[in-house]
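Engineer: Residues per chain are reported as follows:
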Amino acid sequence: MIPFFKKYKTLLIILFAVILSGCKEPTYPTGKVEESIRKLCKDEYKLDNVKTKIIGSTLGVYIPIEGLVDPDLKLNEKAGKKIEDVALSIHRVITSTNELLKFYALVARDTKASGAEFILTGFVYDVIRVRLYDISRGEYFQRILRDFRFNAGIAGEQKIRELFSALNQNPALAENLKSIFYPVYIIGKKDTQKIEITDIESKELSDHESLFYVKAVEDYEVSPGFEAYTAIFPPGFNNEYLVLIDFALLNSPIKEIIPKYFYLNNEIRQRNLKDTFDQYQDTGFIGIDGFPKKDLDLGWFLSQQISRRIKSIFEEDKKLKKKFSVASSQGEIKDGVFQFKFSITPDASKPGDEKIIFSRIMKMSGAVLHLYRFEGYKNVEFINTAGTEKKINISKQDLESLRKDKIKIDSLF
Amino acid sequence: MPSITYRKFRMHLMEHWVKIIIAFTIIILIILSIWGMMSLESFYRNLTIAQMPISILLAGLNAGIFVFMYMIFLQGGFTKIKQTTIKGENVNIHWDDVIGMDEAKQEALEVVELIKDRTKLLKIGGKILRGLLMVGPPGCGKTYLAKAIATEANIPFISMSGSEFTEIFVGVGAARVRKLFKKARTLAYGHGASIIFIDELDAIGRQRSFSFMGGGQETNSTQNQLLVEMDGLKEKDYNIIIIGATNAAEGILDEALLRPGRFDRKIYIDRPNLEEREKVFAYYLKKVKYDSDVDIGRLARQAVHKSPAEIENMIKEAALIATRKEKESVGHKELSEAMERIDMGLKHRKHMTKEEKEMVAFHETGHLVTMYMLHPTDDVFKASIISRKEALGVVHHQPREELYTNNREKLLADIKVNIGGYVAEKIKFGTTSDGVAMDFRNAMWKAHNMVWRVGMGDAGYVGDYTIIPESQISESLKEKLNAETDKIMQACMKDTEAILKKEWVIVERFVKELLEKEELEYDQIEAIFREYGKGHNFKKSG
Numbered sequence: 000m001i002p003f004f005k006k007y008k009t010l011l012i013i014l015f016a017v018i019l020s021g022c023k024e025p026t027y028p029t030g031k032v033e034e035s036i037r038k039l040c041k042d043e044y045k046l047d048n049v050k051t052k053i054i055g056s057t058l059g060v061y062i063p064i065e066g067l068v069d070p071d072l073k074l075n076e077k078a079g080k081k082i083e084d085v086a087l088s089i090h091r092v093i094t095s096t097n098e099l100l101k102f103y104a105l106v107a108r109d110t111k112a113s114g115a116e117f118i119l120t121g122f123v124y125d126v127i128r129v130r131l132y133d134i135s136r137g138e139y140f141q142r143i144l145r146d147f148r149f150n151a152g153i154a155g156e157q158k159i160r161e162l163f164s165a166l167n168q169n170p171a172l173a174e175n176l177k178s179i180f181y182p183v184y185i186i187g188k189k190d191t192q193k194i195e196i197t198d199i200e201s202k203e204l205s206d207h208e209s210l211f212y213v214k215a216v217e218d219y220e221v222s223p224g225f226e227a228y229t230a231i232f233p234p235g236f237n238n239e240y241l242v243l244i245d246f247a248l249l250n251s252p253i254k255e256i257i258p259k260y261f262y263l264n265n266e267i268r269q270r271n272l273k274d275t276f277d278q279y280q281d282t283g284f285i286g287i288d289g290f291p292k293k294d295l296d297l298g299w300f301l302s303q304q305i306s307r308r309i310k311s312i313f314e315e316d317k318k319l320k321k322k323f324s325v326a327s328s329q330g331e332i333k334d335g336v337f338q339f340k341f342s343i344t345p346d347a348s349k350p351g352d353e354k355i356i357f358s359r360i361m362k363m364s365g366a367v368l369h370l371y372r373f374e375g376y377k378n379v380e381f382i383n384t385a386g387t388e389k390k391i392n393i394s395k396q397d398l399e400s401l402r403k404d405k406i407k408i409d410s411l412f
Numbered sequence: 000m001p002s003i004t005y006r007k008f009r010m011h012l013m014e015h016w017v018k019i020i021i022a023f024t025i026i027i028l029i030i031l032s033i034w035g036m037m038s039l040e041s042f043y044r045n046l047t048i049a050q051m052p053i054s055i056l057l058a059g060l061n062a063g064i065f066v067f068m069y070m071i072f073l074q075g076g077f078t079k080i081k082q083t084t085i086k087g088e089n090v091n092i093h094w095d096d097v098i099g100m101d102e103a104k105q106e107a108l109e110v111v112e113l114i115k116d117r118t119k120l121l122k123i124g125g126k127i128l129r130g131l132l133m134v135g136p137p138g139c140g141k142t143y144l145a146k147a148i149a150t151e152a153n154i155p156f157i158s159m160s161g162s163e164f165t166e167i168f169v170g171v172g173a174a175r176v177r178k179l180f181k182k183a184r185t186l187a188y189g190h191g192a193s194i195i196f197i198d199e200l201d202a203i204g205r206q207r208s209f210s211f212m213g214g215g216q217e218t219n220s221t222q223n224q225l226l227v228e229m230d231g232l233k234e235k236d237y238n239i240i241i242i243g244a245t246n247a248a249e250g251i252l253d254e255a256l257l258r259p260g261r262f263d264r265k266i267y268i269d270r271p272n273l274e275e276r277e278k279v280f281a282y283y284l285k286k287v288k289y290d291s292d293v294d295i296g297r298l299a300r301q302a303v304h305k306s307p308a309e310i311e312n313m314i315k316e317a318a319l320i321a322t323r324k325e326k327e328s329v330g331h332k333e334l335s336e337a338m339e340r341i342d343m344g345l346k347h348r349k350h351m352t353k354e355e356k357e358m359v360a361f362h363e364t365g366h367l368v369t370m371y372m373l374h375p376t377d378d379v380f381k382a383s384i385i386s387r388k389e390a391l392g393v394v395h396h397q398p399r400e401e402l403y404t405n406n407r408e409k410l411l412a413d414i415k416v417n418i419g420g421y422v423a424e425k426i427k428f429g430t431t432s433d434g435v436a437m438d439f440r441n442a443m444w445k446a447h448n449m450v451w452r453v454g455m456g457d458a459g460y461v462g463d464y465t466i467i468p469e470s471q472i473s474e475s476l477k478e479k480l481n482a483e484t485d486k487i488m489q490a491c492m493k494d495t496e497a498i499l500k501k502e503w504v505i506v507e508r509f510v511k512e513l514l515e516k517e518e519l520e521y522d523q524i525e526a527i528f529r530e531y532g533k534g535h536n537f538k539k540s541g
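Line order of the protein sequences matches chains A and B. Each residue of the first sequence is one higher than the one before, starting from 0 at the first, in numbering that gives the first Met the number 0. Each residue of the second sequence is one higher than the one before, starting from 0 at the first, in numbering that gives the first Met the number 0.
By construction, these hints were calculated from the structure, which means they are not laboratory data. Just so you know, these numbers come straight off a predicted model, no measurement behind them. A portion of the hints provided could be inaccurate.
[Claimed, not checked] Derived DEER-like restraints, expressed as beta-carbon distance ranges:
no.	chain 1	residue 1	chain 2	residue 2	range
1	A	Lys6	B	Gln206	49 to 59 Å
2	B	Ile21	A	Gly30	45 to 55 Å
3	B	Val66	A	Arg130	32 to 42 Å
4	A	Lys23	B	Val66	34 to 44 Å
Built from N, CA and C at the ideal position, the CB exists for glycine as well.
Bound conformation, chain A alone (with noise of 0.2 Å):
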């Protein structure tokens, strides 16, 4: 071995240095991760107002660009561009860190047209994985969530905020809806009413649906001979409101508004709003500041990636895009069940066709299930709402069976 060493040494010198030149700490270690992003994106790509927000093991990245979709609702070309930028400085400091990240959602929100933004989520051990060529492109591509789309939180807030200050210089609105902004047009006098939104919270309840949880502080004087209610409401006091907005009524969005406080069979009664507002499932997962909601999950990524390749199976496949025709496709999990509901119907209804859709997806939802190594989950139901509601539950085990062709479709119908 010696006389090997003494033959090679220099070789050996190079190879040694070569190797040490490696033995770095990671580029951007921990807690130096959001600092990195946004010093990547200013000083590469000149992008200044980028945010960054940590929450658990999900990096949040918020970029505000005006002119974010085109007048034909597309995404602009120059914003496209930006939001790639972005993308590869996450991808670049997320793959060099020793920080235990394992999803990244960026978002990116049109600062003109209300509640347009576009929300790229993905799993940072792809992105690894890609870099590596143990996966490929496109397959890496349909493991991203891609969602171009119209907030009705944002949307749902500016409204409520138009409609308050419309409150404040408008008395002839404000006496119209007194009933409801109950007590303080009731008993201040006219022109001193004054509502401030203190704090706003929200929640999706479908693509059209918010429900906001409003908290204002309301001023007034008080109208001669209501003294009294001062003990109750000071000027000043606080008030709380629960809006629900249902973008689907284009006109009029604002579908109702209850007030903490109302009154009743001669009698002042409040209601807890809060309790209220905590009863309704979020659906959306990025909030009014542009981060995620709570830290992501992989039950909850795969729920939403499989609802998407649900859609994308019977839409890019030549010979099914023709058979079919798919109205929507939604997942999600809950307590280890997983449930995809989608809507796809047969163009000229044949026999078999349902085995054909129930087939490809649940073979698809196996295989990525399998490749993810996933296995917090019990059950998979998966539902066809169109025409007769069609559902199969299937265990984990039956999944597998089927990936493997151990059993047959036939048999789970």
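Position chain B against the provided structure of chain A, taking the given hints into account.
Structural biologist: Using the frame of chain A, we list chain B on its own:
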């Protein structure tokens, strides 16, 4: 004039510029690689390091395939030559190692002086030596002498064989000559001088032939390039000495090569004479263990016309024989056997009848006794009745010293020795065998030559009658000349018969010894003759 250190440095640059550029590029690339690695983001850095083993493996594999293809298809390029460049001090063959060619050595010493004192020579306007041609038979130490010149002059030495220039493709040889001289010029620049040694010069130095079919074009172009380069030396003033070695006769080499200014000086390296052979034997015997009674003088006499290489080979062969016999040192017997093996071939015993064997013994004794008693120049070294090749027996004899002419007495003695075998057979058995055919052929050829060509007949015919066209020689003259030849043969026969009959006791003694021992060595032969008061008196060499 730049200093020798600077010149050596420049020479190295000139000689190794490609290697230097490659090394420099590699160093830069390594620095850039390390720098690049350090500036990579940790993910790509780790990726690069992880891929390093497979990258090295693939690079090695690619390089291997490339080298393989290069070797297979290009064979390193047609003009690639195997030049062996050795620094003078590394050749390590000194004057003292050159033995057995005193005259050649003396001349070579002058050459060394000329190389060393070139500046002095230039000052006094002397002619600079450019080429030195060593001519002589193979194995006489031409290469050895050239190496000794390189060592003594302490200058680099490039050695090539003439055959290395020849190639089927026209122009390749010439390109090789150009490369060789380029290399020599670079070395001469750095070291002050250099020697090019071309062995077997005749391979490229033969007289040029001009054929309209284009045959010999390659040899011509190679030689032309050699001539041009040798002339070129004068213009550039490089101190390069070309030493050519050949065993071809002078007439074979092209005249242009031999004219002054090219191979100015010729050294004839001939086979060593007796004294030189003794030195050669002494030199090579020193390298093996040998018995103290080995007579170097006798060995030298025995090895007439042997080259130093043959003598070296003989001693090596003797050492092998001694080893086979499990002897600790080489004795005269082994040396004799080795010489016999080289000269006469291996023994192989044929099964002969007792009568046949007796006849062979008388035949060989006839040669032996006639030679010993009558021959003026040759000594008998061995007599044997063991068959070798086609001969059933042999009497090995050598001249006591190099003789370059034959007088009448020697030729007559040769004839008598030749027919000695026939005479012995006839005296003993009253009949003869056909084993005499070759003896008669030799004897007749000598007698015929004596009369027809060199005027040694008794009748006074002087001149070379063989050059006269046969049609112009009269039948009577032919008859007379042939009668003269016959007369010589008859006279020799008579003399031989007389001597053998006179010494018949000795003949019978030798026959008895040969039948018993099959072979008799010089000492044994000498002892028997001494027994009968006929011994020669050669002193043992010290």
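Engineer: Between Val66 of chain B and Arg130 of chain A, is the Cβ distance one that fits in 32 to 42 Å?
Structural biologist: 34 Å, holds
Engineer: 45 to 55 Å was suggested as the range; check whether the CB atoms of Ile21 of chain B and Gly30 of chain A agree with it.
Structural biologist: 47 Å, holds
Engineer: Between the beta carbons of Lys23 of chain A and Val66 of chain B, is the distance compatible with 34 to 44 Å?
Structural biologist: 37 Å, holds
Engineer: 49 to 59 Å was suggested as the range; check whether the CB atoms of Lys6 of chain A and Gln206 of chain B agree with it.
Structural biologist: Since the Cβ atoms of Lys6 of chain A and Gln206 of chain B sit about 52 Å apart, the hinted range of 49 to 59 Å holds.
When each numbered hint is compared with the structure, no violation occurs for any of them.
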